[in-house]
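S.K.: The primary structure of each chain is shown beneath.
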Amino acid sequence: MNPLTGVAGLLGRPYKSIRLEWSSDLRLLRVRTAVKPIQCYSLALMSELQRVLSDVTDNPGLVRHFVLTSDVPKVFNFGGDLALFVLLVRARDIDSLRLYGQRCVDLVWWMENAANLGVHTTVLSQGDTLGGGLESVLPFHKIIFERSAQAGFPEVLFNLFPGMGAWEFTLRRAGFAVANEMILSGRLYGAEELHYRRVIDVVVDDGQGELAIEQVVRDVEPRHRGVMAALRAQRLAAPVRYETLMAIVDQWAEAALTLTDRDLRLMERLARAQARKAGGADEGAVEEIKRMELENAWGERRTGFDRRDRVLDDRRTRT
Amino acid sequence: MLPFFAELVSATDEDRRAFENHPVVVAAVGDGMSAERYRKLLLELYHVVWHFNPVCAAASSRLGDEFTAVRMFLYEHMQEEAGHESWVMNDLEAVGVTPQATREHAPSAHTLALNGYNYWAADRRHPCSVLGMLYTLEVIASVYGGPFASAIRESLLLEGDRGVSFIDSHASLDAQHMAELRQILNQVHGDAARAAVLESVRLNFHHFTRIIEAV
Chain A
-17 MNPLTGVAGL LGRPYKSIRL EWSSDLRLLR VRTAVKPIQC YSLALMSELQ
33 RVLSDVTDNP GLVRHFVLTS DVPKVFNFGG DLALFVLLVR ARDIDSLRLY
83 GQRCVDLVWW MENAANLGVH TTVLSQGDTL GGGLESVLPF HKIIFERSAQ
133 AGFPEVLFNL FPGMGAWEFT LRRAGFAVAN EMILSGRLYG AEELHYRRVI
183 DVVVDDGQGE LAIEQVVRDV EPRHRGVMAA LRAQRLAAPV RYETLMAIVD
233 QWAEAALTLT DRDLRLMERL ARAQARKAGG ADEGAVEEIK RMELENAWGE
283 RRTGFDRRDR VLDDRRTRT
Chain B
317 MLPFFAELVS ATDEDRRAFE NHPVVVAAVG DGMSAERYRK LLLELYHVVW
367 HFNPVCAAAS SRLGDEFTAV RMFLYEHMQE EAGHESWVMN DLEAVGVTPQ
417 ATREHAPSAH TLALNGYNYW AADRRHPCSV LGMLYTLEVI ASVYGGPFAS
467 AIRESLLLEG DRGVSFIDSH ASLDAQHMAE LRQILNQVHG DAARAAVLES
517 VRLNFHHFTR IIEAV
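Protein chains in written order, with our numbering: chain A, -17 to 301; chain B, 317 to 531.
Chain A with its partners taken away, still in its complex shape (with noise of 0.2 angstroms):
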């Protein structure tokens, strides 16, 4: 394969939702994402990585590293398009909902075994990194937070789980406990407590993620055969399979199917607070979700004081 067709072939396709950037002596491929007007993972979005994944597959050899980063000031990814959801679970369509969880699935799986295919991927978050985009991380190579950027799995915040990896991934990062309290508790992480509990590997000040990038790149340029093979004996020792992935896809879109109107109507919310930010207002999805987990908390307090009351009145019908 003559390497120059390869990348004439990788960079010529036109893109809506993302930028591609070559750099030859290091045969990196780095692609920007920027979905309008809400930087999520929308369908467009994930063909067009798609097709991208299938032309570095398919030119084997010609791409050494693979970076993701997001073009969207702030952001790096809201997650699923909950426009989508709602008109998926409004139509009670579980086929389109298996799908779009497989076109999901179908990308981190790419990203599991990009060592096989000898591609170093790094990711870096210079902001709001939620649900499915949190997701799409996890299986990178190497995680770079900015230090102002935040992180988490909302969905159990409107009665939905993270479905596309969340579990796997955050398994063999950080271990069962992690797993358990982010997924569970649906709470919003700073760079620094993902850090500290081995979600992410490294944490720079805002504004400095691009130097991490290259300080990475170069770190594995020279040993990348190595590292490879490393990565690849790693994914052996804490495999993750795709038929479990999928199988937990199913569950997911059985669960969505369950959501309620008021299920639903939060998850608009949330869609109205991204809609919102995108038409520049300071506040959006990430204080929204914190209102959230702040009514959850009061909603818990007050079924704490109906619980002790319930005890009470039956300790008086006791006696």
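One thing to keep in mind: the hints can contain errors.
[Claimed, not checked] Here are the simulated SDA-like cross-link-like pairs (lysine to any residue), alpha carbons at most 25 angstroms apart as the crow flies:
#1 K124(A) - T39(A)
#2 K56(A) - P339(B)
#3 K(-2)(A) - S424(B)
[As the list claims (entries may be wrong)] With the Cβ distance kept under 10 angstroms, some of the chain A side facing chain B (calculated, not the full set):
#4 D63
#5 V138
#6 Q256
[Unchecked claim] Restraint ranges, calculated between C-beta atoms of paired labels, are given here:
#7 T384(B) - G172(A): 32 to 40 angstroms
#8 I76(A) - A511(B): 31 to 39 angstroms
#9 L(-7)(A) - A425(B): 37 to 45 angstroms
#10 P(-4)(A) - D507(B): 22 to 30 angstroms
#11 L318(B) - P42(A): 26 to 34 angstroms
#12 I76(A) - Q416(B): 29 to 37 angstroms
#13 N95(A) - E475(B): 34 to 42 angstroms
#14 S29(A) - G380(B): 35 to 43 angstroms
#15 L428(B) - Y224(A): 51 to 59 angstroms
#16 I76(A) - A385(B): 45 to 53 angstroms
The hints are simulated quantities; they were obtained by calculation from the structure and are not laboratory data.
C-beta atoms are modelled at their ideal positions from N, C-alpha and C, and glycine is treated no differently.
Given chain A's structure and the hints, the job is docking chain B onto it.
M.R.: Just chain B now, with coordinates in the frame of chain A:
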């Protein structure tokens, strides 16, 4: 093979997102709109809703027996939607527009284009194209209607359903309609019928976006 509904969702996702992405829609769903613009939007919506059942009737009268299930679906749907233009009229009255002014309002070119296309498609393209109109309007109502109604309520300080009853109630009503629409779309067979539905979804999203943009 994917059911037709799933294929339709996927094939028209860009059209849905083009509507969702429009700055006016983003701003309306996020922050609502001024009373003046909301009145203009409802006045246009009145004419869309008024023509909804006549378009369905035109389509159902042209459906052959191979599409009996679609015809029966349209009959039921028309019954449910009958008189809903008066809900829009009530909302208009709540924000200061008399019923007479509503009736006398001349729809914009975009509204005429939307209604005109739907009659033409039912008559000349394929009567199943009406399902594309239903899909688009129900996606807009059930996915964006709820947040938009909340935003309008907050921005215009409206109480309860006053002034937003049509949009808010259709956000919930159309949830059930979406499930029924999926079932009937999955029963639409034949390349011509399916192509007509796809085209209709694209055109309806396009014209509806223009209507909102112009207010």
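S.K.: Range first: 29 to 37 angstroms. Now tell me if the beta carbons of I76(A) and Q416(B) are that far apart.
M.R.: Since I76(A) and Q416(B) have Cβ atoms about 48 angstroms apart, the given range 29 to 37 angstroms is violated.
S.K.: Can we keep the D63(A) interface hint, with Cβ of chain B closer than 10 angstroms?
M.R.: 8 angstroms, holds
S.K.: Is 35 to 43 angstroms a correct range for the gap between the Cβ atoms of S29(A) and G380(B)?
M.R.: Given a distance of about 36 angstroms, which is inside 35 to 43 angstroms, the answer is holds.
S.K.: Verify the CB-CB distance for I76(A) and A511(B) against the hinted window 31 to 39 angstroms.
M.R.: 25 angstroms, violated
S.K.: With chain B as the partner, please determine if V138(A) meets the hint condition of a C-beta pair closer than 10 angstroms.
M.R.: Not OK, violated: V138(A) not within 10 angstroms of chain B, min 21 angstroms.
S.K.: Are the Cα atoms of K56(A) and P339(B) separated by 25 angstroms or less?
M.R.: 20 angstroms, holds
S.K.: May I ask you to test the hint 51 to 59 angstroms on the CB atoms belonging to L428(B) and Y224(A)?
M.R.: 52 angstroms, holds
S.K.: Look at the Cβ atoms of T384(B) and G172(A) and judge whether their distance stays inside 32 to 40 angstroms.
M.R.: 60 angstroms, violated
S.K.: Hinted pair, alpha-carbon criterion (25 angstroms max): K124(A), T39(A). Please report holds or violated.
M.R.: 20 angstroms, holds
S.K.: Hint validation: Q256(A) versus chain B, beta carbon distance must be below 10 angstroms. Holds or violated?
M.R.: 9 angstroms, holds
S.K.: With 45 to 53 angstroms as the target window, see if I76(A) and A385(B) comply at their CB atoms.
M.R.: For A385(B) against I76(A), whose Cβ atoms are near 21 angstroms apart, the range 45 to 53 angstroms is violated.
S.K.: Is the gap between the beta carbons of N95(A) and E475(B) within 34 to 42 angstroms?
M.R.: 57 angstroms, violated
Hint compliance for this structure: hints 3, 5, 7, 8, 12, 13 and 16 are not met, and every other hint is.
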